[in-house]
Every structure is written in structure tokens, then in C-alpha cells.
Amino acid sequence: MSGNIQTQVLAITEQRLNPASALEFVSDPAFGGQCQFVGRVRHFNHGRDVLGISYDIYAALAKNMFDEICREAEKKWGPKIKLYVGHASGRLAIGDLAVVVAAGTPHRDEAFQACRYVIEAVKHRAPIWKQEHFVDGDSQWSQGCTLCASESPVQSVELQPHLHAH
Amino acid sequence: MMEIELKLFGAFREFEPSGSVRLIVPSDADVAALRQALDHYAQQNWGAAYKPGLLKVSAFSNDAELLRDHSRVADQKGLALLPPVSGG
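Residue numbers (numbering that gives the first Met the number 0), protein chains in the order written: chain S, 0 to 165; chain W, 0 to 87.
Keep in mind that a hint or two might mislead.
Pair ranges (Cβ atoms, derived) [unchecked claim]: (1) Pro16(W) / Lys79(S): 46 to 56 angstroms; (2) Gln35(W) / Phe43(S): 32 to 42 angstroms; (3) Pro16(W) / Glu13(S): 20 to 30 angstroms; (4) Glu13(W) / Phe43(S): 19 to 29 angstroms; (5) Gly18(W) / Asp27(S): 32 to 42 angstroms; (6) Gln35(W) / Asp108(S): 47 to 57 angstroms; (7) Ala58(S) / Met1(W): 19 to 29 angstroms; (8) Gly46(W) / Glu23(S): 45 to 55 angstroms; (9) Glu13(W) / Ala58(S): 18 to 28 angstroms; (10) Glu15(W) / Arg47(S): 21 to 31 angstroms; (11) His42(S) / Arg67(W): 34 to 44 angstroms.
Now the stretches of chain S that chain W is said to cover, found in silico as 3 or more residues with beta-carbon under 8 angstroms [unchecked claim]: (12) 50-58; (13) 114-128.
To spell it out: a stretch of chain W is covered by chain S in this simulated footprint if at least three of its residues, at any positions, have a beta carbon under 8 angstroms from a beta carbon of chain S; those stretches are [said to hold, decoys possible]: (14) 5-13; (15) 44-58; (16) 62-69; (17) 76-84.
Think of the hints as simulated: they come from the structure by calculation, not from any bench. Don't be surprised by glycine CBs; every beta carbon is placed ideally from N, CA and C.
Based on the provided sequences and hints, a complete structural model is requested.
So, in C-alpha cells, the structure goes:
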């Protein structure tokens, strides 16, 4: 992986995501724009009170997928770009950080676009599964995006509003 | 014939406490054949909680990339079943 891209899957029992470190990674004296997305566990979903979320991740494949997505963003908005993707795995509590994406570029527009592209692609393509734990004791795997809709192993995600609830 | 180990994730992981399932498939099996073999195994071993519809919309991969229906199963490292994803 090139030195301008860093991707991680972190088991929450071992290490927490660190947005400040992500921003530091995408910093560069030539960059005037940074954009960061931070996803946290919220306490309410589909009309039900949530206690926490367990993230199941195929770590080796996920890291490959993060790298691939970042390379796509680099092609679109680089080569002057730095990108960071980190996702937590394991049982997270309300407010815990689930995902951090950061982009650094010379100007703000590419940073915004690259950050949005990467987080949307991660949500649609990375091998990550979310199980919500509800206050009433029930747990449920979230419905997600199928990876087998196409024979093509790589589907690009165009920049557009995210239409799903997840 | 050969024995393969298939990693399970998300909702499928709950059917096998070990997080994987071992299946016997023809030596020249492709992903489509593996899907059929898994469906057969699941119908017999996973009970009423098994939903064939979820398998139909699930993908297969190795530890580096997604596999296509005609991809050969033999010699794949980290073969896995991937239900619809929901990260972030």
C-alpha cells in the first residue's frame, strides 16, 4: 500500500479508533483541506432503544477492500491526496466510534468528495456486519447491501445521496 | 471429492458456533456448486431458522477478493460466505 493510504480494522478490546490520529495521518504541508467522517453507535434505531452494536468483520478481506476503495478515490481526486479508513470490530456501546474516514487534499472540494466517496463505498462494499442489541433483550442483524448483485467483483459507487436507512 | 472449510459471518455465524462449516464438494466444484452444497447442508442441519433467501443474496470470497459463480473453489485461501453487508 502506498504511503498516502492507511487502513485498519481494530478490535475494540485491543485498540480504539482515534480521529485525531487519522487527521494527523492525512495532514501535509501542501494540503489546505481535510475532511473527516466519524460514525458512532446511536441509541435508537427503527423505533427501538439500542444498547449497543456488535460488528462482525472479515478483517483480511475488509482491509483489502478499504485499500481498493482508497485507490479508487486516489485515481479520482489524486495523486495529491492522503486517505485514512478505520473500522472497529466487536461489541460497541452507545457513543463508541464505529468508523473513521479522513481525506486530506490541497483544496476542500476534493477532500469533501473523496471522504464521501470512501465512506459510502465502505458501507456498500466492505465485508462488515452489524448486529444491534436492543434494550428489550432482542438482537438483530441489520439488513444490508448484497455483494453478489453483479458478476463483476468490483462495483463502483457513484456519489449520490445514500438512499438506505443504514 | 474434497473437503473445504467455509468461514461464516453475520447472521450465518449463529448457525455454527465454530464460525465455519466443512463441506464435501466435487474437486472441480465452482462457487455455484458450493452454494448448492451449502444449501443442502443448511436444510439438513440448521433447522427452521435457516432462510434460503439469505443464501441466495449472499456472496462468496477468499481472503482477498469476491468470487464469481464460475470461480473454482479448490485452492482458495480463506473461503467465506458473505451475507449482505452493513458496515459503518
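>> Output the indices of the hints that this structure fails to meet, ascending.
In response: Those not satisfied: there are none.
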